[in-house]
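A.B. asks: Protein sequences appear in the order of chains A and B.
Just so we're aligned, residue 1 is where the first sequence starts under UniProt numbering, counting upward by one.
Just so we're aligned, residue 1 is where the second sequence starts under UniProt numbering, counting upward by one.
These are calculated hints, taken from the structure and not from any lab test.
Given the structure is predicted, the values throughout are model-derived calculations rather than measurements.
Here a beta-carbon is modelled for each residue, glycine too, at the ideal position from N, C-alpha and C.
Careful, some of the hints might be misleading.
As the list claims (entries may be wrong) - DEER-style ranges, computed between Cβ atoms: (1) A/64 / B/15: 16 to 24 Å; (2) A/122 / B/321: 29 to 37 Å; (3) B/214 / A/248: 49 to 57 Å; (4) A/280 / B/122: 28 to 36 Å; (5) A/319 / B/15: 24 to 32 Å.
There are 2 protein chains.
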Amino acid sequence: MNVHQPRQRLVTLSDVARAAGVGESTVSRVLRKHGSFSKGTQDRVAEAVARLGYVPNRLAGSLAGSANSTGPQLVGIVIPSLTNIVFPDLLRGIAGGLDAVGFQSVIAVSDYDPEREEALIGALLSWRPAGLIVTGLEHTPGAVARLRASGVRIVEMVDTDGPGLDIVVGFSNRAVGRASAEHLLGRGYRRIGFVGHDLDRDLRAGKRLAGFAAALAAAGHPLRDREILAGPSSAAAGREALGRLLARTTDLDAVYFSNDDMALGGYFHCLAAGLSIPGRLALFGYNGLDITAAMPQPLSTIRTPRLRIGEVAAERLGAGGPAEIVDLGFELIEGATA
Amino acid sequence: MNVHQPRQRLVTLSDVARAAGVGESTVSRVLRKHGSFSKGTQDRVAEAVARLGYVPNRLAGSLAGSANSTGPQLVGIVIPSLTNIVFPDLLRGIAGGLDAVGFQSVIAVSDYDPEREEALIGALLSWRPAGLIVTGLEHTPGAVARLRASGVRIVEMVDTDGPGLDIVVGFSNRAVGRASAEHLLGRGYRRIGFVGHDLDRDLRAGKRLAGFAAALAAAGHPLRDREILAGPSSAAAGREALGRLLARTTDLDAVYFSNDDMALGGYFHCLAAGLSIPGRLALFGYNGLDITAAMPQPLSTIRTPRLRIGEVAAERLGAGGPAEIVDLGFELIEGATA
DNA sequence: AACTGGATTGGCAGCGCTGCCAAATCCTGG
DNA sequence: CCAGGATTTGGCAGCGCTGCCAATCCAGTT
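Model the full assembly from the supplied sequences, consistent with the hints where possible.
C.D. replies: Okay, structure coming up:
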């Protein structure tokens with residue numbers, strides 16, 4: 001149980017072969033149910049495996065099988081953060097999809113840092129994964145070079161606003177922003193503000209704002225004011241930011257938030273300040289945080305197919321086929337706050 | 001880019017050695033900064049690596065180095081779910097702690113299914129990880145046998161209410177329940193109900209309730225009623241469950257929730273139903289969901305050191321030393337709802 | 001009884017890298 | 001200019017497993 005003791009020699013395939021009185025390759029075949037072997041052999045091998053408590057060594061298996069059909073059974077995943085609920089949901093989808101084919105995932109978190117992402121990609125590739133799933137389309141030149149050179153299937157998820165390396169699964173963040181703006185405009189709101197987080201690092205949030213602002217401008221009602229807080233999105237940040245925004249620009253009739261948790265914070269601000277929603281102020285979020293559906297007034301927001309994106313990413317990873325962009329779209333939830 | 005093409009032969013260490021005009025072991029030494037070599041050699045190796053775009057194969061490295069100092073650089077993690085915010089937070093802590101030592105984590109999700117957990121433990125062990133981090137203390141006999149036989153460091157996290165296999169990092173869920181009950185009793189609440197999720201599967205939630213109910217009973221004010229919904233915790237479930245509970249048992253003056261998201265749902269129910277908090281009904285949650293701090297009335301709840309648990313788990317994994325229980329405690333947030 | 005084709009089986013090279021050890025090289029003082 | 005020790009280097013045997021291929025076995029044929 002203690003790592004410091006020289007690690008006990010574990011049971012190997014050849015131990016099993018000896019115990020079962022058969023050859024190594026026979027054991028290997030039985031274990032992988034590959035090739036032919038008799039029922040009797042199978043039973044004897046199974047018995048020996050159980051008796052010795054044999055655990056196959058996949059490092060060796062993958063090494064030996066590399067460049068062959070067996071191939072590796074690891075998939076590398078790079079996500080920017082675990083703080084935002086989006087990413088656990090994506091992982092959940094991926095885990096589901098991968099399970100189906102018996103792959104295991106090695107996960108690394110980049111903290112929205114492109115340099116770090118590059119390093120992590122290198123580290124993941126060194127495990128010779130069957131494929132890599134990364135987030136977004138923007139990577140350092142070094143990262144792109146590594147991905148290209150790796151020769152494995154690459155899936156870039158979440159964002160479809162731009163050219164991808166191989167498989168791209170997600171939706172258009174710009175279109176999300178645009179749709180949000182159009183919804184607000186359609187409801188008659190004209191003096192619209194924005195509350196957001198950390199746009200320099202979260203490039204997708206930046207694209208949403210760009211789409212949103214462009215649509216407003218095109219309609220002749222440009223974004224009136226914005227309050228952007230550094231750091232990740234959170235309810236507390238949303239509440240504080242909305243307070244500041246309203247103190248500064250008092251005549252806003254609607255606010256678009258970079259994320260539902262920010263919007264929830266904004267909702268709490270209005271509740272505490274006694275501002276009626278959507279009469280005095282309309283709120284519009286992003287991301288279909290489940291919680292927002294349980295609010296007394298369900299939040300008006302955009303729901304993105306996070307789980308599905310993960311599933312499709314996992315699925316496509318195993319499949320062959322040409323490079324491709326899979327746009328899974330998004331859904332506008334009318335809600336009651338805008 | 002396409003998996004179907006016979007995977008191109010990747011650059012190997014011996015390619016680098018040839019290109020740099022040195023021996024393989026020299027390249028290996030330079031790359032691992034282990035042993036001695038001249039500056040000139042180092043430069044030539046570095047140049048060749050860069051020129052050829054060499055990516056070391058850690059499968060081979062770990063295999064060759066196994067049973068030796070180099071050892072494996074993977075850590076296996078089994079968590080029951082990604083839906084509950086707790087687990088991403090734990091992962092975040094682990095990722096932080098592991099980064100420091102350059103380990104990579106292979107993550108598997110058991111869906112609160114012990115059989116599945118056992119299978120996943122087997123799968124993870126087959127990667128010959130440096131250690132395994134699992135959730136909770138309850139495992140199938142088969143899982144325990146595998147963990148024991150693996151000879152690697154095991155960390156069981158989150159729960160300290162019982163005997164562990166090796167290292168245990170967490171807090172007492174029973175004590176959490178007890179402390180919650182004592183807080184409510186101390187505030188004068190006497191007719192107390194409970195709203196929870198899926199206790200059969202989430203054993204920790206079950207232990208919290210057990211501690212809570214025991215403390216109430218000991219004080220002579222036994223739990224008056226409970227409403228338990230199948231399925232994972234969520235705000236929507238909390239809202240609905242509270243509604244049902246109150247419809248059935250109208251004289252409750254406080255409700256304990258199995259989770260903050262459930263409690264938030266309960267809060268929304270009160271808001272919508274016009275019940276004053278905590279005058280008409282007090283609410284007490286669990287888990288210090290960040291969002292609850294931004295509520296107009298901050299939720300009274302218990303904050304658990306999730307991030308820290310992950311960090312300590314990762315840290316202990318690499319360290320030697322005897323089996324041990326690390327109780328990181330928890331913090332009661334007074335809030336304004338109870 | 002010899003023969004045939006398919007089902008089973010075992011031997012062994014080799015996946016890419018590291019550890020060990022011997023060989024080569026470099027210094028420094030005498 | 002050389003011995004003797006320190007530093008640097010290369011060769012090679014594995015790590016545990018899989019793929020390939022030749023060997024063996026067996027039931028059915030001729």
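A.B. asks: Mind listing which of the numbered hints don't hold for this structure, in increasing order?
C.D. replies: Structure breaks hint 4 only.
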